[in-house]
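Asks: Now for the letters of each chain:
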Amino acid sequence: MNIFTNGEWLPLSFAALMGLSMLIYAVLDGYDLGVGILMKDATDPEKDRMIGSIGPFWDANETWLVLGVGLLLVAFPKAHGIILSSLYLPVAVMLIGLTLRGAAFDFRAKAKIDHKHAWNNAFFAGSLITAMAQGYMLGSYILGFEKSLAAIGFSLLVGACVVAGYCLIGACWLIMKTEGELQKKSVHWARVSLWGTMLAIALISISTPLVSARIFDKWFSFPNIVLLAPIPLITAVLVIALEVLLRQLPKPNDRWCWVPFVTTIGIFVLCFHGLAYSFYPYIVPDQLKIIEAASAPESLMIILVGALIVLPVLIGYTFVAYKIFHGKAKDLSYE
Amino acid sequence: MIDQLDPALLARIQFAANITFHILFPSITIALGWILLFFKLRFNVTKDYKWMEAYFFWTKIFALCFAMGVVSGITMSFQFGTNWPGFMETVGNIAGPLLAYEVLTAFFLEATFLGIMLFGFSRVPGWMHNLATFLVAFGTTASAFWILVLNSWMHTPAGFEMRDGMAHATDWLQIIFNPSFPYRFTHMLIASGLTAAFLVAGLSAYRWLRNDRVPAVMAALKTGILTAAVLIPLQIFIGDLHGLNTLQHQPQKVAAMEGLWETQCGAPLVLFGLPNEETRQNDFAIEIPKLASLILTHEWDSELKGLNEFEGNHPPVAPVFWAFRIMVGTGLLMLAASWVGAFYLWKRKDIIKPLAYLLIPMAFSGWVATVAGWYVTEIGRQPWLVNGVLKTVDAISDVPAPIIGISLSMYLVIYAVLMTAFMTTLFYMARKAGQKKSEANTPSSGQTVAEAVS
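From first to last, the protein sequence lines stand for chains A and B.
Counting with the working numbering, you get residues 8 to 342 for the letters of the first sequence.
Counting with the working numbering, you get residues -18 to 435 for the letters of the second sequence.
In short, the hints are calculated from the structure, not lab data.
Keep in mind that the hints are not guaranteed to be accurate.
[Said to hold, decoys possible] Distance condition first, Cα-Cα at most 20 Å in a straight line; then the derived EDC-like pairs of lysine to aspartate or glutamate:
#1 A/K154 to B/D379
#2 A/K85 to B/D379
#3 B/K413 to A/D121
#4 A/K85 to B/D375
#5 A/K296 to A/E15
#6 A/K85 to B/D145
#7 B/K41 to A/D338
#8 A/K296 to B/D375
#9 A/K191 to A/E53
From just these sequences and the hints, can you work out the full model?
Replies: Right, here's the structure in full:
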């Protein structure tokens, strides 16, 4: 294991930590962005209930984005500069979206009742804009920040894919956290967005190797193709299992209401690994490697020590928060 | 037209717009968190339900401010990369760990326990809710700690060495407790205390004027006024110390604050004047002889360095000069208002109408003073981004001016919308709270009082 002796393990651990934060972000903020998008199709009392299901969590969920980008910033300053200035406008659009939805979340409940409708729309729009922009960035990243018209088209398509993925995990969250009519509606939403997600996964899996010969070789040369086959195969199994299960939900006594959410997390994790494998060892596709972009080892070390102490505590109290608010969502009350 | 604009200037305006909008909300929440904990603990001790009513009302405002702070803060974490890549490339080894520790030790703590604090009152035992409230307050303060460490380091860098054009940390204790940090951190915490105190006092005065004088309103009003009355002399004292510290490390900033062009012994205090960078003097100046020397060195005749000593290496004078006067003027107004208020509360156990009218606009006096103060210190650092290490112009990204123009316009539009919504909602919430008759009088943790958010 020479990576431990030549000092490469530190940047690699940070890349892993950053990837993990991004993955957790996609799952956690993914479900609350998804809920925001699905609100468009809900009645007013349903909207309150949907907001109630994400209310105690959304703040902390967004913090994972700050951590992910923060790790990119602190561990790989060069890559941070290249990536964020290449994605300047989509980043700005995403930030506007995030600002709008975060503010709307509070205003919809606190401003005058006749403005509530407008704030609900702002919450929906902010969620949609954020998801689209994140997908656009992913698309643009896959293409190595190419700026042609075709590249923009592709990035927009990936934007739509991410919207579908977030709707899926949002709907599965609602299946777990709601009951009655809203739960049935959520099953319907999940089934529709599962189709979108399936198309999305297919699109990204096919196009990524086509864009880069390096990525193509990583997947399709022998013996990689055999060793890696489980990733797409298990993904396919999970997708089919999810579709079969969704047809039967809700079951009596609400059995298995949590299974779709967990299955979707599984799908997200597998897709994430596929992408991570494709791009490794680059942090900026085909331009800059993880090792080349890293900060000084002594600075990385001091962050790592802090992270190793704090992360278990952080995960611990996140768990406590989810435990306190477990079970079916109620309308939010401060008292 | 926009492509003739300087991208560096646009990027600076954008950063200023983002951080100005952002700081408004943390400057409330840092201290309001502790005020909420105070309300809660007062209830625990006295069992007087007015404290819980005050707690619930201000919790909603806290939640609103917190959400605005979070979303505007996320923008900040991206700005470094999108507009100022040179910053992290040069001092990333120092700034990186500090920012990472802020996220790890503060952001998650406050965000997670905020959920329990806001919506967990009827789901968790009383002690746990107290703990959550404490951890949220602690988290906001910890966040202020780390960010002020970094900001202070940019003013008075220490504990590092430059290798190949990059800063490398040599002593983390020196970095964290760099020379201006203790003053800046204290100054900011008290500024937050004053901002929250005047907000509480101002909004309570608004309810008082609408004849909504239930015990909860009076308790909050009293808390706001007395907190302000205690903090403002403290702030003037700390501000003075901070000024002396700045004189030692960044004399050109102090010279700009005072509008002092020539180095002189027994320098005058410029009460009014229009700093003119062309002629390098103040037009229409009204001065009090020797007072600046006295204030800054505590001696009548000592020498103060003028801006001409730093030609080409000092900040733009007029904005620093004016922002400083706005901050000090607001501070003096705060002193007057809070002490008059405290006097009437002591004499009559109530306030008087003219004071209530004054306190309403002063609900936002903390914002004015805080933002003006930050303009003094940040514009006063120019042309440096990190004092003596990195110039602002050298950190800029190569994003062209029109693109920055687009993002800047989007930000300004959404900030204007949100600011309008925020202000109107605050007063709407105050009116609504007054219309609602308090139904239950002795709920405790675990009992759900029927008041949904909406």
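Asks: Each hint needs a verdict: does it hold in this structure or not?
Replies: To see whether the hints hold, each was checked on the structure:
no.	hint	in the structure
1	A/K154 to B/D379	holds (16 Å)
2	A/K85 to B/D379	holds (14 Å)
3	B/K413 to A/D121	holds (14 Å)
4	A/K85 to B/D375	holds (15 Å)
5	A/K296 to A/E15	holds (12 Å)
6	A/K85 to B/D145	holds (15 Å)
7	B/K41 to A/D338	holds (15 Å)
8	A/K296 to B/D375	violated (25 Å)
9	A/K191 to A/E53	holds (12 Å)
In summary, the one numbered hint that this structure violates is 8.
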